[in-house]
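Asks: Take these sequences, add in the hints, and give me the full structure.
Protein chains: 2
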Amino acid sequence: MFKNTLFFKPVDKELIYEYISRLNSEIKSKEIGYYELPHSEEGTILKAKELKDSFRDLENIVVLGTGGSSLGTKAIKSLLLDKDDKNLIFLENLDPIATERKLANLNFEKSIFLIISKSGTTVETISLLKVLLQRFNLSADSKEFQERFIVITDKNSPLDSFANKFNLKSFYIPHNVGGRFSVFSAAGLVPLTLAGIDSKGLLEGAKESFVFFQNEEFETIMQKAFRYAIHKQASINVLFSYGDIFADFNDWYVQLWAESLGKKDGYSRLGLTPIALIGSTDQHSFLQLLMEGPKDKTVTFLKILNWDNEMSVPKISLDFLKECDFCNELKLESLLNTQCSATMQSIIQEGITTDLIELDKLDAWHIGFLMYYYELLTSTCGLMLGINTYDQPGVEVGKRILKSILKVKK
Amino acid sequence: MFKNTLFFKPVDKELIYEYISRLNSEIKSKEIGYYELPHSEEGTILKAKELKDSFRDLENIVVLGTGGSSLGTKAIKSLLLDKDDKNLIFLENLDPIATERKLANLNFEKSIFLIISKSGTTVETISLLKVLLQRFNLSADSKEFQERFIVITDKNSPLDSFANKFNLKSFYIPHNVGGRFSVFSAAGLVPLTLAGIDSKGLLEGAKESFVFFQNEEFETIMQKAFRYAIHKQASINVLFSYGDIFADFNDWYVQLWAESLGKKDGYSRLGLTPIALIGSTDQHSFLQLLMEGPKDKTVTFLKILNWDNEMSVPKISLDFLKECDFCNELKLESLLNTQCSATMQSIIQEGITTDLIELDKLDAWHIGFLMYYYELLTSTCGLMLGINTYDQPGVEVGKRILKSILKVKK
Numbered sequence: 001m002f003k004n005t006l007f008f009k010p011v012d013k014e015l016i017y018e019y020i021s022r023l024n025s026e027i028k029s030k031e032i033g034y035y036e037l038p039h040s041e042e043g044t045i046l047k048a049k050e051l052k053d054s055f056r057d058l059e060n061i062v063v064l065g066t067g068g069s070s071l072g073t074k075a076i077k078s079l080l081l082d083k084d085d086k087n088l089i090f091l092e093n094l095d096p097i098a099t100e101r102k103l104a105n106l107n108f109e110k111s112i113f114l115i116i117s118k119s120g121t122t123v124e125t126i127s128l129l130k131v132l133l134q135r136f137n138l139s140a141d142s143k144e145f146q147e148r149f150i151v152i153t154d155k156n157s158p159l160d161s162f163a164n165k166f167n168l169k170s171f172y173i174p175h176n177v178g179g180r181f182s183v184f185s186a187a188g189l190v191p192l193t194l195a196g197i198d199s200k201g202l203l204e205g206a207k208e209s210f211v212f213f214q215n216e217e218f219e220t221i222m223q224k225a226f227r228y229a230i231h232k233q234a235s236i237n238v239l240f241s242y243g244d245i246f247a248d249f250n251d252w253y254v255q256l257w258a259e260s261l262g263k264k265d266g267y268s269r270l271g272l273t274p275i276a277l278i279g280s281t282d283q284h285s286f287l288q289l290l291m292e293g294p295k296d297k298t299v300t301f302l303k304i305l306n307w308d309n310e311m312s313v314p315k316i317s318l319d320f321l322k323e324c325d326f327c328n329e330l331k332l333e334s335l336l337n338t339q340c341s342a343t344m345q346s347i348i349q350e351g352i353t354t355d356l357i358e359l360d361k362l363d364a365w366h367i368g369f370l371m372y373y374y375e376l377l378t379s380t381c382g383l384m385l386g387i388n389t390y391d392q393p394g395v396e397v398g399k400r401i402l403k404s405i406l407k408v409k410k
Numbered sequence: 001m002f003k004n005t006l007f008f009k010p011v012d013k014e015l016i017y018e019y020i021s022r023l024n025s026e027i028k029s030k031e032i033g034y035y036e037l038p039h040s041e042e043g044t045i046l047k048a049k050e051l052k053d054s055f056r057d058l059e060n061i062v063v064l065g066t067g068g069s070s071l072g073t074k075a076i077k078s079l080l081l082d083k084d085d086k087n088l089i090f091l092e093n094l095d096p097i098a099t100e101r102k103l104a105n106l107n108f109e110k111s112i113f114l115i116i117s118k119s120g121t122t123v124e125t126i127s128l129l130k131v132l133l134q135r136f137n138l139s140a141d142s143k144e145f146q147e148r149f150i151v152i153t154d155k156n157s158p159l160d161s162f163a164n165k166f167n168l169k170s171f172y173i174p175h176n177v178g179g180r181f182s183v184f185s186a187a188g189l190v191p192l193t194l195a196g197i198d199s200k201g202l203l204e205g206a207k208e209s210f211v212f213f214q215n216e217e218f219e220t221i222m223q224k225a226f227r228y229a230i231h232k233q234a235s236i237n238v239l240f241s242y243g244d245i246f247a248d249f250n251d252w253y254v255q256l257w258a259e260s261l262g263k264k265d266g267y268s269r270l271g272l273t274p275i276a277l278i279g280s281t282d283q284h285s286f287l288q289l290l291m292e293g294p295k296d297k298t299v300t301f302l303k304i305l306n307w308d309n310e311m312s313v314p315k316i317s318l319d320f321l322k323e324c325d326f327c328n329e330l331k332l333e334s335l336l337n338t339q340c341s342a343t344m345q346s347i348i349q350e351g352i353t354t355d356l357i358e359l360d361k362l363d364a365w366h367i368g369f370l371m372y373y374y375e376l377l378t379s380t381c382g383l384m385l386g387i388n389t390y391d392q393p394g395v396e397v398g399k400r401i402l403k404s405i406l407k408v409k410k
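As they're listed, the protein sequences go chains L and A. Here our numbering is used: the first residue of the first sequence is 1, the next is one more, and so on. Here our numbering is used: the first residue of the second sequence is 1, the next is one more, and so on.
Hints were generated in silico from the structure; no laboratory data involved. Given the structure is predicted, the values throughout are model-derived calculations rather than measurements. Possibly wrong hints are sitting among the right ones.
Same chains, same label: a pair holds when it works inside one copy or across any pair of copies.
Computed list of lysine-lysine pairs in BS3-like fashion (alpha-carbon distance at most 25 Å, straight line) [as the list claims (entries may be wrong)]:
id: 1; residue 1: K264; residue 2: K86
id: 2; residue 1: K155; residue 2: K322
id: 3; residue 1: K264; residue 2: K232
id: 4; residue 1: K295; residue 2: K232
Replies: Structure follows, in structure tokens:
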């Protein structure tokens with residue numbers, strides 16, 4: 001199961017009741033599409049499975065996509081990918097060295113390519129598509145291109161028109177689902193299903209998260225969001241995830257939070273700043289600042305209770321190093337989790353707003369639950385801050401400047 | 001060359017003069033060891049080269065170390081490692097799945113293992129050492145252990161005594177060099193030299209950084225630190241590095257900054273909070289918050305001017321996607337750098353404290369220069385905040401709680 005424990009005093013329920021009905025109105029209005037995804041995307045999974053079965057000898061699934069078109073998929077891949085699953089490769093950035101390293105060992109005959117862009121005209125994605133066309137010596141109307149390139153985009157986007165013209169297979173991201181809320185749409189489900197991940201389990205977990213939220217967890221999530229929204233001195237929300245395998249999940253959280261919750265409202269600038277850490281590694285890095293720096297942060301600890309892994313510290317006592325023997329015979333997972341508990345206690349003692357998320361185990365259901373929980377929390381915080389959680393007007397200026405610089409240059 | 005341009009108004013020189021002499025006193029006092037490293041560690045490189053030559057068939061260099069014992073090395077590895085270099089593997093965390101993935105394909109006969117811990121009793125490092133002893137069925141007094149395990153630690157630490165007893169080869173981190181400032185000591189130079197990286201070039205760059213700092217760059221670094229230290233409303237320092245290959249460098253920066261600059265001073269809590277982003281990817285993530293959220297952040301843009309990479313966007317015009325054609329025929333590196341310029345302009349327009357670091361190219365010299373620059377900047381900020389930059393008292397509480405939980409449990 002999923003458990004979220006708050007280590008701070010809840011406010012009077014009356015203060016949060018108003019938001020409950022406002023959130024329910026938002027959900028019922030059907031204007032915000034991600035609320036529907038857990039119930040509406042099973043067909044996408046079936047279609048992706050058929051696609052998978054139509055290929056023999058598939059080794060690599062290459063995602064061309066950035067931001068919301070890659071972060072959620074990457075997060076789930078890093079958490080759930082087994083050795084037996086297909087390899088997922090992400091081309092997200094125009095870094096030439098990283099791109100070269102990723103393409104170096106790619107066998108075209110054993111790969112399929114997903115062009116994922118909500119708007120359909122993401123500069124990085126379309127530019128990298130052209131790099132691939134040249135590298136594999138393909139034209140858009142060649143058979144190989146039509147077989148191995150698949151489009152995932154908004155219906156009627158320029159990329160959709162391109163796909164239609166050249167008979168590419170396509171999947172759609174519903175119009176009212178933003179990129180950063182799209183992990184449970186085709187944007188996430190298609191690559192993950194192709195890679196062999198239990199995407200039905202992801203949806204089931206997300207569905208259960210919604211039910212849970214509508215019932216017993218309602219107050220927890222409301223109290224947490226309220227604390228974040230009103231506690232102006234602590235506007236930095238730290239997520240401390242225990243385990244290296246959460247690194248990409250952390251990046252997904254940062255995007256979801258930063259792009260949703262940083263907004264101008266008339267002349268005032270509102271926003272919550274996400275920071276994501278990995279335990280225990282970052283106990284040797286960021287922890288000092290949490291413990292002794294300004295109290296401008298809240299901290300959420302995240303742990304997996306049962307890793308289902310037997311690796312343990314053997315009972316070996318080394319001369320001069322006996323002071324480390326207290327770890328002997330402990331499973332690595334339990335040592336990691338005890339480090340989490342100990343660090344959490346030390347943070348609570350400093351009077352810092354703290355909560356704990358516990359996942360019973362590491363599987364698709366729990367990760368679906370967790371990610372949907374974070375989406376709901378984001379929506380709730382946005383509502384309480386009084387902002388539009390779902391747009392991103394601030395990123396347009398840079399795009400305009402980019403075009404003007406390059407047009408002047410040419 | 002290295003260039004740092006500030007896009008904010010400098011303060012009157014008189015305000016910063018005082019700190020110049022105080023910093024010079026700190027340097028001259030020889031109490032803080034990292035100032036000496038660029039001049040004193042060439043012997044370490046020679047010794048590491050001899051060690052490298054004594055092995056045939058070396059494929060993997062496994063670093064057992066966390067925090068300051070791994071982050072700097074990892075940063076340099078990701079930036080500079082060529083395909084021809086040896087593989088560097090880092091065992092840093094007690095995550096059992098990540099550890100299993102790293103050990104899966106390890107060939108003991110073609111590996112050497114570096115046990116790196118400044119204190120000599122880091123729980124993660126010593127526990128993972130025991131895991132390796134068991135996995136490879138070694139005892140501490142076996143020939144294989146003595147041949148393939150090397151210790152890097154503080155002289156007279158418990159780990160040093162262990163190494164002496166079992167005749168392990170050792171390298172020392174000078175007593176007055178803290179973990180997060182140790183990349184130019186044996187902690188970084190030994191693994192990097194073994195991996196085939198030009199560590200002499202790193203030291204040369206660091207040396208030049210120091211000279212530069214003592215001369216023309218002195219005022220730039222002082223003005224920047226002063227701005228950070230006095231500008232209380234903007235206590236979050238964002239580093240926006242353009243290129244995926246900076247991801248580990250970003251982590252190194254976060255540790256250096258957070259652990260050095262978050263300190264209690266009597267009853268008051270002082271600190272600067274680091275956040276590190278990757279461009280252009282995070283333009284699709286964090287940028288919205290920078291542009292429209294609270295003005296509580298400064299931003300440093302970091303770019304490499306000449307990547308020496310010819311990959312470019314081919315001149316292909318795709319039906320319906322012609323609006324992306326403005327990128328055609330541009331090198332990826334120049335497109336990436338223009339994205340950096342465009343985003344930087346949009347940030348400056350918002351009136352946010354901004355500066356730009358430009359590295360002429362990507363080689364050991366420039367990376368040495370850059371990392372030493374950041375160490376000097378950290379020292380200068382610490383001085384201006386009036387804190388002890390070099391200790392980390394806040395991380396001890398959690399360690400004590402960990403021991404007490406585990407002792408109670410057993």
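Asks: Need the list of violated hint numbers for this structure, in ascending order.
Replies: 1
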